[in-house]
Every structure is written in structure tokens, then in C-alpha cells.
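Asker: Sequence:
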Amino acid sequence: MSLTFEILAADGLARRGRLTTPHGVIETPAFMPVGTLGAVKGVTPQELAAAGASVMLANLYHLALRPGIDAIGRLGGLHRFTGWTGPILTDSGGFQVWSLGGLRTVDAGGVTFRSHLDGSPLRFTPEGVVDAQARMGVDIAMMLDECTSWPVERAAAEASWERTLAWARRARAAWNGGPGGLFGIAQGSVYPDLRQRAAADLAELEFDGYAIGGVSVGEPSPERRAVVEWTAPALPADRPRYLMGVGYPEDILHAVAHGVDLFDCVLPARNARHAVLFTRQGVLRMKNAKYREDPRPIDPECGCPACARTSRAFLHHLFRSGELTAPVLATLHNLRFYLDFMADLRQAIGLGALTDTAEQLATRSTGEDPPGEPDPGSLPVSSDPLEQRSS
RNA sequence: GGAGGUGUGGCCGAGUGGACAAUGGCAGCAGACUGUAAAUCUGCCGGGCUUCGCCCUACCGAGGUUCGAAUCCUCGCGCCUCCA
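Under the numbering used here, the first residue of the first sequence carries the number 3, and numbering increases by one thereafter.
Hints listed in this document are in silico derivations from the structure and should not be mistaken for laboratory results. You may find that some hints are simply not true.
Unchecked claim - Quick list of the computed label-pair ranges, beta carbon to beta carbon:
| # | residue 1 | residue 2 | range |
| --- | --- | --- | --- |
| 1 | R116 | V268 | 17 to 25 Å |
| 2 | A205 | G75 | 31 to 39 Å |
| 3 | L105 | P222 | 23 to 31 Å |
| 4 | E155 | A73 | 40 to 48 Å |
| 5 | I9 | D358 | 14 to 22 Å |
| 6 | K292 | A158 | 40 to 48 Å |
| 7 | D109 | L39 | 24 to 32 Å |
Virtual Cβ for every residue (Gly too), placed ideally from N, Cα, C.
Please build the complete structure, drawing on both the sequences and the hints.
Answerer: Encoded structure:
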């Protein structure tokens, strides 16, 4: 097995672990920022690392379309190409089966996409997807799956799982045990027996890790949580578990408490670009008029480069003006918030205090920030102009 | 002085007899975003109300024609262009 996973501590079902990959160690539970095209939008690899990220996601479908897997191979692999030196996990394109629903057809053998860029056809098979990820030299490859939509009839969900399971077997057989690892993906929509069966089916195939897919596709939060509660404990305990596409901090906390180790979500990055910031005081919609003359930092308890010397008023101004710096600063902040959140969860599990701190941690991103009295002196200004952004 | 043009909701700008409280865009107010076709999308945006509807005031101003005018006519005012 090319990835090693150690469980360092446990707290109820929650685990504090360490996943060792060819390009570095991932302390879990971990949040993996999404860099679909090879970069988290607006963020350099150095900034990503400085924010505390230990692993980055990228996407096979998007990279296969542009610049192409062969080109990435000729350029020395995905790490060399992107400049991100830490672990990389690539998603297989299974999510695009759902998100690009109008641009693909699925058959027993695989998926045929019509490029969203120019309409040209692109064929994905379980074997081809494994091979492409191996050629890019990623640390964690994901099997090709069919991400079911929501809602979906039970019979359709079951048929879909039969197909995805067949793909899982083919992917497993095609994986040549390169330096990285291959993860299986459980589907089964919102049907408990299907979910549990999917977990058991995959476990037999002995993947390097197991993902829960088919969530974050529009289902209500209680449905999503139920899926986690059925599936996560049913997956092999000695391998990392990955909840795909989730989510808000409260959902991550819930999943961690049920034994999930890895997460990814576009939310912190996309919301940042849309001027929505996560803070320990609640959610801030930075374009709102109430921040026009708010001199406070975004989040006084945050150590990110934006909070170090950017007032809400200035960030508001940058967003209003369409200044590129705005989404960049906001993304650096939101990423740092998520990554700090995960660090706090890891610490809590290590102390056996997850349940105790759960409420306190969960309230961070809920609700609107309280108005508060603007305190003109509240923005800390460093006396050392070179201190900022240095990592 | 003469000729022609033009004046529309915070701004720009469609509309040239009824389907107009008036297309669009911007600005403004708010909301959504979950393995990224997303620096995107949605709602509101004259005033009031019991806001899937009703009432009032509205397209420079004042008159007029008409069943009916942002749209036609007259006068006035402002602005633009050309000629002297």
C-alpha cells in the first residue's frame, strides 16, 4: 500500500490521523482546497501553503480538456506544472457527470462528455481515468464514478450503483500501485441499505481510501447528514474516509464526529469571490452597505494576511470597485478560516474534547455578525512592514 | 440673427397615439452559492398601501387636439450642431 494512514487519537467515532503521501503528510481531519484547474482561484501555491493547506485538489476532466494530460506529462507532471509541491488529489470527472448533466452520456463502459469549451467529445473509462491520474503523478487518484443527482428514484440509484461498482472493480484492477493511492467512491443516494451495501462492496476491493460521493448535489442538510451517518462508520476504519464536496463548517464538524477524515469544497473560495466571508463572528457579506465605514478587521481573531491590515471598510471598497485584490484577500481569509477550523478540530479530538467544543466551533459560521460598535482603534497595524505575507 | 436637432425614472439610454409606471445597461438595496461551465446567478429598484393586486404622481414647463398623449399641435425654457 503506497499511502500510509495512522490513527493517532480517537474521540467517539472521530479520528485524529496522519496520511502520508509521496509529496507530504496530511494531518487529518483535513480540508483540501479546490484548485480545479491546477490553482485555487486567485491564490499562489505559496499563499496556499502559508494559509495552512497540506493538500490541494485538482480535476481530471478540466485538466484533460486543457491543457491535456499529455501536455502535463511532458511538463513533468502536475506538481511541476502547477508549482504546488504538496500532496495533490485529483477528482475523476465523476462530479461532472452530475454538474455537466446536459453534456454527457453514460453507458456501462464509461462516460462520454461533450467539452463545455468547444463541444468536442471526450471519453472517460474507469481504466483511462486511473491511467491519466497516474500519468500526472498525483498522490491520490479518484475512481471514475457516477455522481447521482438528487432526488433520484431508488431503482435508478441502485442501477447506478451497480454500474459504479463495476467501474470500481475495473479501476482497482487497472491501478498499478504507483507511488500514490487510489480511492473508491461510495454512492447510493439517500437510501440507507444502498449506502451500506456500497460501503461493503468497496471495502472488498481494498482501496487506499474511501470516499462518500453523491452528496452536495442539492439535497437538504438532514439528508446529507443521514448519508454520512449510514456510510462513514461502515467504511474500513483503518483507511482514510473522504466526504466529497462538503461543505459548511457545521457539516464538516458533523461528519468529523462520525468518522470522516478528508473534505473538499469550493465554498470558501467561491464565497470569497462573491464577497461572503466566514468569520468567528459569523458570516460577513462584504458588499453590504453597513461595512462602508467599518474600521474593524474582517475577523480580529484571524491571523491571515487580509486580517492583519485590511479593514472591512477597505475590503468593502475593493469589492465595490471591482478591484482584483478584493477576491484575492477574501479567498486567503476564507481558506485560512477553514484550515484553522480543521486545526481546531484536530486539537479537540486529540484532547478528547470534540463534543465539548463542538457547539462553540459550530457557531462560528452561523448567522450574521452582530453589528457591534465600530472601534476606530480595532485594526491592528504591524510595526514591521515586511512581516505581512511572509511565511 | 438664420436653419436643423434634442430634452424620458440617480446616471446613460430605448420607446414616436392605446398592449407604458415606461425595454436595456450602470449605480443602489438585498439574497443565493457545497467532489467549480460560477470574479457567477437571482430578486427589488417613482411614491403609498391590505404588495400574485390597488391607488396616486409621472417622460423640461404651460396650454391644446383626441375616447385616449412620453409619443401629435402651439408657445415658452434649456442644451447641441451648422450657417452668418
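Asker: Hint by hint, note whether the structure agrees.
Answerer: Cross-check of the supplied hints:
no. : hint                    : verdict
1   : R116 - V268: 17 to 25 Å : 23 Å, holds
2   : A205 - G75: 31 to 39 Å  : 32 Å, holds
3   : L105 - P222: 23 to 31 Å : 27 Å, holds
4   : E155 - A73: 40 to 48 Å  : 41 Å, holds
5   : I9 - D358: 14 to 22 Å   : 21 Å, holds
6   : K292 - A158: 40 to 48 Å : 47 Å, holds
7   : D109 - L39: 24 to 32 Å  : 28 Å, holds
Of the hints listed earlier, there is not a single one the structure fails to meet.
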